[in-house]
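Here's the letter readout for the chains.
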Amino acid sequence: MPDRDAAAALVDRIVAAAQIPGRARREALRRELRSHFEDAGASPESERDAMRRFGDEAAIADWLRRVHRRDRALLSLARIAASVAAAIAAALLIEAIVNLRVEPRAGMWRLAPPFAHTAMLSAAVAVALAAAREAGRRPFSAARIAAAASAYAIAAAAAQFLVAGGATAFVEAAALVALGSICSRLAPDRARAPLMVASFAAAVAALHALRDVHVAARGDVVSGAALAAVWASTLVILARMDAAFDDRFA
Amino acid sequence: MLTKVIVEYDREFLTGTVGVLILSLLAEREMYGYEMLQEAERRSARAFQLKEGTLYPALHQMERAGLLKARWRDSEAGRARKYYSLTARGRRQAASKRRQWTSIATAMRAILGHARA
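In order, the protein sequences belong to chains A and B. Under the working numbering, the residue at position 100 of the first sequence is numbered 100, and the numbers go up by one with no gaps. Under the working numbering, the residue at position 5 of the second sequence is numbered 5, and the numbers go up by one with no gaps.
Don't read these hints as lab results, they were simulated from the structure. These figures come from a predicted structure and were not determined experimentally. Some clues are possibly wrong.
[Stated by the list, open to error] Covered stretches of chain B (in silico footprint by chain A; criterion: 3 or more residues with CB under 8 Å from a CB of chain A, positions within the stretch not fixed):
no., region
1, 20-34
2, 56-66
3, 74-82
[To be verified] Per label pair, the in silico range of CB-to-CB distance:
no., chain 1, residue 1, chain 2, residue 2, range
4, B, Arg-71, A, Arg-137, 34 to 40 Å
5, B, Ser-85, A, Asp-71, 19 to 25 Å
6, B, Ser-85, A, Ser-184, 52 to 58 Å
For every residue, glycine included, the Cβ atom is placed at its ideal position computed from N, Cα and C.
In isolation and in its complexed conformation, chain A is listed as follows (with noise of 0.2 Å):
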């Protein structure tokens, strides 16, 4: 049965090309094009005819994909926002267990002083890589991209409001950010790790420098390394709610 293969193939094309959000309901609406085609008569003729009536392929779906624009854009920002939300929670749990001392004389366990900056830093890392990878998404978009840029922006500024310094910690993690990615672009996958936590030991040291801030060594390795584990985190935590929302919503 040629033409039906080549009416479900339309039907296919339609579907795939409109990007309705959901499994469910893009069957559903291959149910019904489906439907629309058996209506249309089983014969070869009236096949060829009804494919001839239903014009124009790329209008047909790209009108659909306007139709489920507002439902991707909501699905997309609640991606990003439990992406954000569980990369943040990952990078304070890091900071935190870097960060914990036993206090021997009274036998407590407290966090070290530099907590409160260091959790900081990290966070803005996870929020600028998540921010990196929607602007790098492909096919590129101008306005994606904006977007992003927008939103990086407005947490910088939210940040800054509510702790002080909030703002110096995004613009640092940006830096970071854009160091990593030439680190991991660089480096061959063995080395990747090692030169990784070299630099960020060195832009941590760095920035103690431009602080006149003095840490021994020792504390901007730790520093270096536990923003590497960071940074790890925060890549499989998208990469994870990505596939997540791909298999359960997409």
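Position chain B against the provided structure of chain A, taking the given hints into account.
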């Protein structure tokens, strides 16, 4: 001799009329997509033939706008089809569009009648 003339309508003109066509047909009873196309063709004595695929985005758009609701049910032929019907909002919209179109049609008939004379 009866000559049938099928008018080639403007795309924009036709796009604007699809919504009215859907609302008018569904004001009478619930229908599925192909049934609407057949009915529109039958009532216009086959003069009104739109690109059939454009009906479905229009139906989805109107469903999302809350003018239509849809449900799958078995037809008399035994196959499941997606039937559309008007919501309360859709019924109000249908009545409003009908008034607008009646008014426009009356005015256009008068204008075109004068032009012919």
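Broken hints, by number: Per hint list: zero violations.
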